[in-house]
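Go ahead and model the full structure; you've got the sequences and the hints to work with.
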Amino acid sequence: MAENKKFGQPSVSPALKGFAGSIGGVAEACCLQPMDVIKTRLQLDKVGKYKGIIDCGRQIYTEEGIGALWKGLTPFATHLTLKYALRMGSNSVYQGLLRDENGKLTDGRRMLAGFMAGITEALVIVTPFEVVKIRLQQQKGLAKEHFKYKGPIHCATTVLREEGIRGMWSGATPTILRNGTNQMCLFWAKNNADALLWGKHEGDGKILTPVQSMTSGFLAALLGPVATGPFDVAKTRLMAQTKTSEGVRYKGFFDALVRIPAEEGVMAMWKGLLPRLLRIPPGQAIVWAVSDQITGYFERQALLQSGRLTA
1 MAENKKFGQP SVSPALKGFA GSIGGVAEAC CLQPMDVIKT RLQLDKVGKY KGIIDCGRQI
61 YTEEGIGALW KGLTPFATHL TLKYALRMGS NSVYQGLLRD ENGKLTDGRR MLAGFMAGIT
121 EALVIVTPFE VVKIRLQQQK GLAKEHFKYK GPIHCATTVL REEGIRGMWS GATPTILRNG
181 TNQMCLFWAK NNADALLWGK HEGDGKILTP VQSMTSGFLA ALLGPVATGP FDVAKTRLMA
241 QTKTSEGVRY KGFFDALVRI PAEEGVMAMW KGLLPRLLRI PPGQAIVWAV SDQITGYFER
301 QALLQSGRLT A
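With UniProt numbering applied, the sequence shown closes on residue 311, and no number is skipped along the way.
I should point out that these hints are in silico values taken from the structure, not numbers from a laboratory. In this text the structure is predicted, and so the values were computed from the model without any measurement. Be a bit skeptical, because a hint or two may be false.
In silico DSS-like pairs for lysine-lysine, Cα to Cα no more than 30 Å straight-line [what the hints assert, rightly or not]:
(1) 251 x 46
(2) 51 x 251
(3) 140 x 243
(4) 49 x 144
(5) 140 x 251
(6) 243 x 150
(7) 51 x 148
(8) 140 x 49
(9) 243 x 104
(10) 51 x 150
(11) 140 x 46
(12) 206 x 49
(13) 148 x 46
(14) 46 x 206
Per label pair, the in silico range of CB-to-CB distance [what the hints assert, rightly or not]:
(15) 98 x 262: 37 to 43 Å
(16) 23 x 51: 36 to 42 Å
(17) 227 x 157: 47 to 53 Å
(18) 61 x 297: 36 to 42 Å
(19) 192 x 65: 39 to 45 Å
(20) 263 x 102: 39 to 45 Å
(21) 13 x 141: 46 to 52 Å
(22) 102 x 242: 50 to 56 Å
(23) 150 x 307: 53 to 59 Å
(24) 207 x 251: 46 to 52 Å
(25) 251 x 197: 43 to 49 Å
(26) 227 x 74: 28 to 34 Å
(27) 169 x 196: 37 to 43 Å
(28) 102 x 151: 50 to 56 Å
Ideal placement from N, C-alpha and C gives every residue a C-beta, glycine not left out.
The following block contains the structure:
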């Protein structure tokens, strides 16, 4: 029977946590890309073409083929791999900076670390990759030769050429608010779910089963999409718009927050919420199932070697 002599101070480096998160991100991208495509199309639907998730998926499949449900997979998978590496790693760094002299972390400081990790990933990784992903996903039809953007690299270079470096960071403000709030909720809720459901405490060397990690990750990820729906819709609209001779429809984040509900109703600010709930919690379940196994193994080995855990 294992005995943990002391826990609280983590035994796994930020780099290892980042690596574990990146592997989880690859698994999530491959499984859940179709739901992300549907979410994006619903958020960009201003005339009511799609009647819901199933109808949207059916129309995409009928009009564009099954492959269209994986549009933007390359930037999405790359984006998730880098995002989770940065998210898990930077959160670990911020937590380390915010711990007290005994290595303890209050709930408030844990939430602050998550918020800071969300801001970091939003600015460094998420915004430019999502600009490319959304531009690719909004293109419709089967005649690919008529598409403006031929692929991820061509899309990025076109945006840079036509809109400048700022074009790659369109929607940065709502992305910061969305990701910061999401990660603030996520890391706090995951830690508490592990403790309440499974008696798992940070740094104790206990390895959760994949099912336990998936359950905690799923539950922890439910709050964020509801709280950040308006940020996500505004972000998608800002990233999708391109400059024309008449300028752009939305002048900025706050203009989008005002104009969208004024023109389409308040509930338009939560367009795509259901596919987000069908995508994000299952995605986090996959990510944590993978990353917890990796970090749990190395955490346990480090504790055994240091004598803080005895077999």
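field: Indices of hints not satisfied (ascending)
entry: 9, 12, 14, 17, 20
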